[in-house]
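Let the sequences and hints guide you as you build the complete structure.
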Amino acid sequence: MKRFAKWRLISLFAILALVLSGCGRPYLSSLRPAGEVADIQYDLMKLSTWIMVGVIIVVLIIFTIVFFRFRRKDDRIPKQVEGSHTLEIIWTVIPILLLLILAVPTVAATFKLADVKEMDKKNSKALVINVRSHLYWWDFEYPNEKIVTSQDLVVPTNEKVYFNLKSLDVKHSFWIPAVGGKLDTNTDNINRFWLVFDDKRANEAGNLFYGKCAELCGPSHALMDFKVKAMSRADFDTWVKDMQAVKQPEKAQTDLAAQGQEIFNKSCIGCHAVTPEDKPEAARLAPNLTNFGERSRIAGILDHNKEELKNWIKNPETYKPGNEMTNKYPAMTDEQLDALAEYLMGLKVQD
1 MKRFAKWRLI SLFAILALVL SGCGRPYLSS LRPAGEVADI QYDLMKLSTW IMVGVIIVVL
61 IIFTIVFFRF RRKDDRIPKQ VEGSHTLEII WTVIPILLLL ILAVPTVAAT FKLADVKEMD
121 KKNSKALVIN VRSHLYWWDF EYPNEKIVTS QDLVVPTNEK VYFNLKSLDV KHSFWIPAVG
181 GKLDTNTDNI NRFWLVFDDK RANEAGNLFY GKCAELCGPS HALMDFKVKA MSRADFDTWV
241 KDMQAVKQPE KAQTDLAAQG QEIFNKSCIG CHAVTPEDKP EAARLAPNLT NFGERSRIAG
301 ILDHNKEELK NWIKNPETYK PGNEMTNKYP AMTDEQLDAL AEYLMGLKVQ D
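All residue numbers for the sequence shown refer to full-length UniProt numbering, where the first residue is 1 and numbers rise by one.
Treat the hints as calculated values from the structure; they're not laboratory data.
Beta carbons are placed, not taken as given, at the ideal position from N, Cα and C, and that holds for glycine.
Keep in mind that a hint or two might mislead.
Unchecked claim - List time: in silico BS3-like cross-link candidates among lysine-lysine, alpha-carbon distance up to 25 Å: (1) 306 to 251; (2) 227 to 348; (3) 266 to 328; (4) 146 to 160; (5) 348 to 310; (6) 182 to 171; (7) 266 to 310; (8) 46 to 117; (9) 112 to 200; (10) 146 to 46.
Stated by the list, open to error - Distance windows between CB atoms, simulated: (11) 62 to 303: 53 to 61 Å; (12) 94 to 187: 41 to 49 Å; (13) 44 to 169: 14 to 22 Å; (14) 146 to 96: 48 to 56 Å; (15) 190 to 12: 45 to 53 Å; (16) 184 to 46: 21 to 29 Å; (17) 89 to 200: 44 to 52 Å; (18) 222 to 333: 26 to 34 Å; (19) 45 to 233: 26 to 34 Å; (20) 11 to 59: 21 to 29 Å; (21) 107 to 66: 34 to 42 Å; (22) 234 to 265: 31 to 39 Å; (23) 306 to 51: 52 to 60 Å.
Pasting the structure below:
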């Protein structure tokens, strides 16, 4: 009975795993490709899966035939085929052909996805974004546009977007599951690749994709998320112009926000920037907050509202253990938190 109960438990967990594997949202799944790179990778996944399934089916058929046809009925020894040149050739040639079928498109795709020479051309019009990973957040520099933002990656749809990837502390990995990737961000070299964000799939996902760190990097690795806002080229150009127009920190609109701005200038300005200007890597100590009021998440994981913002400022270690913000500023009263949250939620560059 104990053995039966164990198998019943295993079966229950197997069914549960199968059910949970179908859960999730379309903008989080690599099985619903939303761009050219994702399409290429998905096609390779399907090709390799079909090859593996085909091999399994053939092996099972041969096994079944041999099992029933050559099962022992008497003491006679069946005809031996050891050393058959025909069989040797067959089971040598077939794997070679299968490997070629898989290798040719894989190698071709690898070279295509690694083609970033457009980034090196003089006067290139390619959109290049420098991705910098930190514990446990991301910043995105647009060198040609001379702006920097954090946590929210903004990109145009239906065109190649090129990325330079680097880490400023430990190894991380840049991954947008629905669009393609992933690629490591290292401290000692820069990795480069490109992605295309499909307009139709972006609309289906509400113009918002989720990105993650795909390399175990510390206690809050699973919480190192970022958001991708995909929009038309016209909307993207408008966003760039609005960001470039911010030359001074956004002025507080209310008396409470003005108190919050004063607190920010005394406690937070040493690490956080509130203008999208390009800064040296060494000066990027914390996320850029220029358009904080327009973001979709706080700290990449919390709902974007004042209460969650105050909770995060009050005790960031509760939400992201091991983060670099803990104990970097004096404790604040509820009144100070209200004022600071009012100011930060008002940091917007677009109406």
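Right, here's what the structure says about each hint:
no.: 1; hint: 306 to 251; verdict: holds, 18 Å
no.: 2; hint: 227 to 348; verdict: holds, 17 Å
no.: 3; hint: 266 to 328; verdict: holds, 12 Å
no.: 4; hint: 146 to 160; verdict: holds, 19 Å
no.: 5; hint: 348 to 310; verdict: holds, 18 Å
no.: 6; hint: 182 to 171; verdict: holds, 13 Å
no.: 7; hint: 266 to 310; verdict: holds, 17 Å
no.: 8; hint: 46 to 117; verdict: violated, 29 Å
no.: 9; hint: 112 to 200; verdict: holds, 23 Å
no.: 10; hint: 146 to 46; verdict: violated, 41 Å
no.: 11; hint: 62 to 303: 53 to 61 Å; verdict: holds, 56 Å
no.: 12; hint: 94 to 187: 41 to 49 Å; verdict: holds, 45 Å
no.: 13; hint: 44 to 169: 14 to 22 Å; verdict: violated, 32 Å
no.: 14; hint: 146 to 96: 48 to 56 Å; verdict: holds, 53 Å
no.: 15; hint: 190 to 12: 45 to 53 Å; verdict: holds, 48 Å
no.: 16; hint: 184 to 46: 21 to 29 Å; verdict: holds, 25 Å
no.: 17; hint: 89 to 200: 44 to 52 Å; verdict: holds, 49 Å
no.: 18; hint: 222 to 333: 26 to 34 Å; verdict: holds, 32 Å
no.: 19; hint: 45 to 233: 26 to 34 Å; verdict: holds, 30 Å
no.: 20; hint: 11 to 59: 21 to 29 Å; verdict: holds, 25 Å
no.: 21; hint: 107 to 66: 34 to 42 Å; verdict: holds, 36 Å
no.: 22; hint: 234 to 265: 31 to 39 Å; verdict: holds, 36 Å
no.: 23; hint: 306 to 51: 52 to 60 Å; verdict: holds, 54 Å
Hint compliance for this structure: hints 8, 10, 13 are broken, all remaining hints hold.
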